[in-house]
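Enquirer: What follows is the residue order along each chain.
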Amino acid sequence: MRKSVFLKMINKTAILMFCLCVVILNTISVNAEEKSLTIQERASKIFGEAVGDDNNGEVYSWGLTAKYKGPDELFPGEGKFKKLFSFLPAIRWYDPAHYYEPLSLVKGTFEGQECVLCHQVQTPGIVKDWKRSRHSKPGKTASMKDEEIVTCNKCHGNDHTKLHMPDVKVCGECHQKEVDQHKSGGAGSHTHSFHLQVVEQPMQLNTPAEELYGCAQCHGIAENRCDGCHTRHRFSPAEARKPETCGLCHLGLEHYDYEVWQDSYHGRIYQAEGDEWDWDRKLKDWTRPDKEGEKPAPRTPTCAFCHMPKGSHDILEASTAFTYMGSSQVDRGAPKHAEKRKQWIKVCKQCHSPRFAKDQLSAMDDIVNLNFAKVREAYEVVLDLYRDKVLDPMPEWLAPDWQGNHSFSLLPSGETRVYNVSNVERLFFEMATYQITNVYKAAAHSSSENTTYSKGGGIPMHRQLIAIKNEASKLRRLARIEKELGIQHIPYDFWSQGEYTDLLNGKNRKEGDVLPKSECLHDKDMPCLAD
Amino acid sequence: MRKSVFLKMINKTAILMFCLCVVILNTISVNAEEKSLTIQERASKIFGEAVGDDNNGEVYSWGLTAKYKGPDELFPGEGKFKKLFSFLPAIRWYDPAHYYEPLSLVKGTFEGQECVLCHQVQTPGIVKDWKRSRHSKPGKTASMKDEEIVTCNKCHGNDHTKLHMPDVKVCGECHQKEVDQHKSGGAGSHTHSFHLQVVEQPMQLNTPAEELYGCAQCHGIAENRCDGCHTRHRFSPAEARKPETCGLCHLGLEHYDYEVWQDSYHGRIYQAEGDEWDWDRKLKDWTRPDKEGEKPAPRTPTCAFCHMPKGSHDILEASTAFTYMGSSQVDRGAPKHAEKRKQWIKVCKQCHSPRFAKDQLSAMDDIVNLNFAKVREAYEVVLDLYRDKVLDPMPEWLAPDWQGNHSFSLLPSGETRVYNVSNVERLFFEMATYQITNVYKAAAHSSSENTTYSKGGGIPMHRQLIAIKNEASKLRRLARIEKELGIQHIPYDFWSQGEYTDLLNGKNRKEGDVLPKSECLHDKDMPCLAD
Amino acid sequence: MRKSVFLKMINKTAILMFCLCVVILNTISVNAEEKSLTIQERASKIFGEAVGDDNNGEVYSWGLTAKYKGPDELFPGEGKFKKLFSFLPAIRWYDPAHYYEPLSLVKGTFEGQECVLCHQVQTPGIVKDWKRSRHSKPGKTASMKDEEIVTCNKCHGNDHTKLHMPDVKVCGECHQKEVDQHKSGGAGSHTHSFHLQVVEQPMQLNTPAEELYGCAQCHGIAENRCDGCHTRHRFSPAEARKPETCGLCHLGLEHYDYEVWQDSYHGRIYQAEGDEWDWDRKLKDWTRPDKEGEKPAPRTPTCAFCHMPKGSHDILEASTAFTYMGSSQVDRGAPKHAEKRKQWIKVCKQCHSPRFAKDQLSAMDDIVNLNFAKVREAYEVVLDLYRDKVLDPMPEWLAPDWQGNHSFSLLPSGETRVYNVSNVERLFFEMATYQITNVYKAAAHSSSENTTYSKGGGIPMHRQLIAIKNEASKLRRLARIEKELGIQHIPYDFWSQGEYTDLLNGKNRKEGDVLPKSECLHDKDMPCLAD
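Chains as they are written, first to last, in my numbering: chain R, 385 to 915; chain D, 385 to 915; chain E, 385 to 915.
Keep in mind that a hint or two might mislead.
Said to hold, decoys possible - Calculated pairs, DSS-like style, for lysine-lysine (alpha carbon to alpha carbon, straight line, at most 30 Å):
hint	chain 1	residue 1	chain 2	residue 2
1	E	Lys-773	R	Lys-429
2	E	Lys-679	R	Lys-538
3	R	Lys-726	D	Lys-453
4	R	Lys-467	R	Lys-491
5	R	Lys-467	E	Lys-733
6	D	Lys-429	R	Lys-720
7	E	Lys-867	R	Lys-773
8	D	Lys-733	E	Lys-679
9	D	Lys-429	R	Lys-726
10	E	Lys-733	R	Lys-491
Unchecked claim - These stretches of chain D come out as covered by chain E in the derived footprint (C-beta under 8 Å, 3 or more residues):
hint	segment
11	432-445
12	558-566
13	608-618
14	622-628
15	845-855
16	858-866
Said to hold, decoys possible - Which residues of chain E face chain R? A partial, calculated answer using Cβ under 7 Å:
hint	residue
17	Ser-420
18	Thr-422
19	Ala-656
20	Gly-658
21	Ser-712
22	Ala-718
23	His-721
24	Lys-758
25	Lys-853
Derived from the structure by calculation, the hints contain no laboratory data.
Remember, predicted model here, so these are calculated numbers, not experimental data.
Idealized CB from N, CA, C, for every residue including glycine.
Next comes chain R alone, as it looks inside the complex (with noise of 0.2 Å):
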């Protein structure tokens, strides 16, 4: 429950009647007035709290007479749009390679051992964390010598003001095999989920730094740092094997992997048993008998088994065509892709007959084939509003795009935007990004419930395309009367403008903002943004 307006109440109790006098007095005449006053004016006049920065400290009721004054230090990007787009300084702990900076007040130089002594004492949690990896064991290994640890200098350095935050790179001086196949992923494998490519999409392109961050710690720590999937200092590969590791970063309504197979039969026996299984077993041990007196084998396929056969870690061994993330349409049955669904029938044949692994995929491509129907149906209503100019807003009524255009959010072979929009282009954006996609992933992970209800679901797509051609009746029934009145619809000016529909990049961008082409560093197989 709220405490917030009780306890507000009883500071401001005194001023409530005299704040309601002054709102209707408002709405009475001054408009001329206020109409120059910023909201944080306007609040602080109305409700007699003082207008401040954010950054003060202060508490304001929902923020009303705060003003944002923005992060005190950005990180630009990279390439042509560098100027454009800009990170949180916390960008350094997912990509240190290009943003971290040794910074240190102890000076010297350490062994591992030193470090250990004193580390115990300064952030005791890691140094136990380490104490149970298989780094602080002693032992024989293709990269280890006999009694040779890997102690905290291995990885970090020796000197205290130059410590580095190790990446993919100083994981591979040992494990080159699994950094070399986490390297040799194509588009849309983990090695590629931070390149400019993907981090200069329009969306972020959009989109201020302070909300980037999110998307930056998933999408850097994937490509950058072999933490992201084995938590520091331990390191486990036992822990990688279990769904948590994959559940940090595939869910949530972009793309509940996670959730749907946790809801499935696969998952739910997980749920049910997990805490009995032999976690430490290597993947490709899974499915030969249990020796007498071993613990027994995972009993369900987890992310890892599936995705990462054998242990392999370029995750795109085991894909399926490329359709970004279940949004494009692709028929995963056609004869084209025989290959593929072969390999994946492969997967399933470990525990089911192929013939119920080749019902359940069929299965699957026939719904989301079918959800693909309402999407182009959805589509049709929306694009037909576009042609007849009877969005609210028209696209020129809206902020301009980061290109610095006025440009319609749903063409599909250009830019999809997730603001800056008008409504039923943002229930489309919906429809077209997240239900499709999740449609996709409960059908593919076998979750009868999500396929239909829940996270994804025929049901809610249902809803959606309900709403879509709510919207498009009435803007078309508001549009033939104002028509038949002769009244000129101006869209109203809270589309292009406020408070934070200005920290826009396409409101901020300026002269000089987007660099020559050849200050691209995009990778040479794929053309860049600017082309």
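Could you slot chains D and E onto chain R? The hints should help.
Expert: This is chains D and E only, laid out in the frame that chain R set:
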């Protein structure tokens, strides 16, 4: 993050500017020509993408230029409406008695150990499951002789060209008591979940087969097979005592049973401590004192403990008044249901005082009944819109229902539809089906948060009631304005047609799709839908 | 799937066609007569179902022809408003000091072992819990003599006709330090969660008692009883170190604390490995080196580790600036709060470098502050609608609030309401209460996905901002059209009345429901709501 947008842009930037021009040009003229084109043809023209079948393996942005062909094969339903509704082929795994046909490339007749030998290589996972099951251990039970074990052929047969998928009948050969209990439940029980009466319900008859698949998986397996709860080939009773088993089907927005239990004290304690408990202990022994050295019995009730008291497989033994998952109203505390209420208090009394139990159950009654007042308030608003003919659209402007009529979707004694309805009817449907059900589920499973807020909740019902009134107000204001102007509002075509809408059963109904009543196969004690 | 529809149809198909005719006939004439009927009478007429009380045990489709009578008994609130708000009887279990009255059919006075003997049969579950608790084990502690154990009578009394439900006072007899810490927290702490100041908050005063029950369970138990966190009758400290304990109340759309933590690295590691850790170890010992043979200490912080540092039961020791769950804005990184920020960095430093911690906390500040810019942008849109009198409806056309007034629901210094508001006010309420709170919660608990997308999220706030602007545009366009036509829009009756709306406290307020100020029982240091 959507990589799609960026990557598509890369591939297609060259045509982007061209497209923009085309779009603008299109909006100026050619509307007449456009009207005769499908969205596929229009999108193809506008976006420069080829039109093709879904099933050809090409990737289509949002599926825009593909056409849905439907599944290659469909299995007919049963009874009077068998030509009107149908299933995807994968139905054979969920209703094997009706749909399973053996198909095998392997010829020959085999004994159990031969099966195991070969399947250890072919499908090693299930062999491991079987080896950990009671079936693989020799022992003396009512139905097994000394040293006898239950091998593959016992359930699937010996002739590899005539294998069958076991259903409850096969399991009943040894587990007769459990199957008899399963089969003794009446309407609302597992054994009726895939009966014709349920399968033929109007919501399904309105919907293409592809959207029935998720439904059929849960409804089919729950009625026809035992491995819905005791997963194959381990068939563990311990598994079915845990909530995850039930949570495979009893979850999600149509009935958040699993989630609200997990969010209750019972669920939280299970999550925190469940791995320490003795799940091999029979339900009837959970409350007896633990013996010296024994693992402790489960400390909280799970689904099975309350709903299958002492292990009975007739789930209705512990039921309350049947209200179609909670969507119809009944006062469970009324004298009429005193016997059932008493029984529930006896269940609670194993840990709680009868007074505590009574108070909680009374609170549930009051909360559910109060929220039904919201349902009625909303229904009155919608009914008046129907009466005053201001629904947008009125039923006659929608696609026909499966009976070929244009009916109001909210006749409580008749048909309800989830799609092919106006926006305000859908808002009411959600309130009267999902929301009120989940208020009941949350209160019945003692999840205080969900009773009020999240999965269930009086506050989301507040939201829906406001949304319904808001929509009603808009419809009435528009109607009044149009009347004033002499505008006759004709609902737009998109309400009755579109690529998806054209797939509905009502649109495709042909002469003879409904057979003579003599073809009905309903239970004798249940009248036929055709009546 | 809803079985309801089909089964109802079976029972009622005979009358369906008849009903349809009746509906159609009704729509043509009898509107005048209809207006004098309740929805119960109208529905009864239309659908041929009997009208009756909710409480008679009949099943009503959607509750349509039932009338809500309200609970049989209500318990009055306290203080000046005690006649205006009330509780269901079950409140006695959550605030026993005020509401519990012993009631027992058993007469006599019993010693502990006698209680156990009988309750082993009567309520065996709790006896088992007690037997596994520390209370049942003899031992020497500050408050227990050698060989003494804590039996039932110690907490509940000996006379079975005068039993009491123990609250913090009773537990404090032995656990004084913990109860003192619990009681020392100020506003925002557990010990204030059921104080009059909170219970009387406007949202609750607007709402019937039935809707307070979910609230009262969490708020009551957290303030008054220890078994909210150490569940009876095991009373385990280990339990309360796990996140599930806190997750009983700290979950759901009003504050997704539990879920966002579960979706962070901390949570995922807990889910994957938590069953291997030593939960019996005190919080203050988690970071010391594990001893030889010891189970490892928890590897990730749980709720208690950060928010109850070293085990303190004053939850505010580790708090930041109080902002009513995050719904008011403050810059937690401002110099003003430097001391608290330093303390948090110290918490993080047990595993992370101070620089890492600082970066993460700064990112949280920036993300939260940016999203408050959206709140302000939205508020300006809504405030202008109010000023221009185009809300539909304006406050004067709604039901009265609990004070008997018709107030704007979004005075930040005054009242906010979740119901009995116009649609756009409700949209803003959700943004300014739930969404912004959850952005803060997600960022504070390091859930990157939820910071952006799902439970919390800048992207859902985008959605809400568009929805608010869309609604504003519609309201303004309609108002302009009506003005042009000379139509005076009178909001429809359904905004101010209806079966549920008529149950609101404001509608039922009578002379004398607010007592003289002398009847107030508020804390001395907190002004009375009546001021």
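Enquirer: Decide, hint by hint, whether the structure agrees.
Expert: Tested hints:
1. For the hint linking Lys-773(E) to Lys-429(R), the alpha-carbon distance of about 19 Å falls within 30 Å, and the restraint holds.
2. For the proposed pair Lys-679(E) and Lys-538(R), the alpha carbon gap of about 28 Å is at most 30 Å, so the pair holds.
3. At roughly 23 Å between alpha-carbon atoms, Lys-726(R) and Lys-453(D) fall within 30 Å of each other, so this suggested pair holds.
4. For the given pair, Lys-467(R) sits about 35 Å from Lys-491(R) by alpha-carbon distance, which is inconsistent with the 30 Å threshold.
5. At roughly 34 Å between alpha-carbon atoms, Lys-467(R) and Lys-733(E) are farther apart than 30 Å, so this suggested pair is violated.
6. With a C-alpha separation of about 25 Å, the suggested pair Lys-429(D) and Lys-720(R) falls inside the 30 Å cut-off, and the hint holds.
7. Between Lys-867(E) and Lys-773(R) the CA atoms are separated by roughly 24 Å; this keeps the pair inside 30 Å, and the hint holds.
8. Proposed proximity of Lys-733(D) and Lys-679(E) is contradicted: the alpha carbons are some 37 Å apart, above 30 Å.
9. In summary, the hint linking Lys-429(D) to Lys-726(R) is not supported, as the alpha carbons are separated by about 35 Å, beyond the 30 Å threshold.
10. This hinted pair checks out: Lys-733(E) and Lys-491(R) have alpha carbons roughly 19 Å apart, not beyond 30 Å.
11. Counting residues of the segment 432-445 of chain D whose beta carbon lies closer than 8 Å to any beta carbon of chain E gives 0, which falls below the threshold of three, so the coverage claim is violated.
12. Judged by the Cβ-Cβ criterion of 8 Å, the segment 558-566 of chain D is not covered by chain E as claimed, because only 0 of its residues qualify and three are needed.
13. Check on the segment 608-618 of chain D: 0 of its residues sit with their Cβ under 8 Å from a Cβ of chain E, so the three-residue criterion for coverage is violated.
14. Requiring three or more residues with a Cβ within less than 8 Å of a Cβ of chain E, the coverage given for the segment 622-628 of chain D is violated, as only 0 such residues are present.
15. Only when three residues or more bring their CB closer than 8 Å to a CB of chain E does the claim for the segment 845-855 of chain D stand; here the count is 7, and the claim holds.
16. Three residues within the 8 Å Cβ limit are the bar, and the segment 858-866 of chain D against chain E gives 6, so the coverage statement holds.
17. For Ser-420(E), the interface hint is violated, since its Cβ never comes within 7 Å of a Cβ in chain R; the closest pair sits about 32 Å apart.
18. Look at Thr-422(E): its Cβ only gets to about 29 Å from chain R, farther than 7 Å, so that hint breaks.
19. A cut of 7 Å between beta carbons decides the hint on Ala-656(E): the least distance to chain R is about 4 Å, and the hint holds.
20. Hint status for Gly-658(E) relative to chain R: violated, with the closest Cβ pair at about 9 Å, above 7 Å.
21. At a threshold of 7 Å, the smallest CB-CB gap from Ser-712(E) to chain R is about 5 Å, leaving the interface hint in force.
22. Hint on Ala-718(E) holds. Least Cβ distance to chain R is approximately 3 Å, under the 7 Å limit.
23. Of the supplied interface hints, the one on His-721(E) holds, with its beta-carbon coming within about 5 Å of a beta-carbon of chain R, less than 7 Å.
24. Because the beta carbon of Lys-758(E) sits about 5 Å from the nearest beta carbon in chain R, less than 7 Å, this interface hint is met.
25. The criterion of a C-beta within 7 Å of any C-beta in chain R is met by Lys-853(E), whose closest approach is roughly 5 Å, and the hint holds.
Violated hints for the displayed structure, listed by number in ascending order: 4, 5, 8, 9, 11, 12, 13, 14, 17, 18 and 20.
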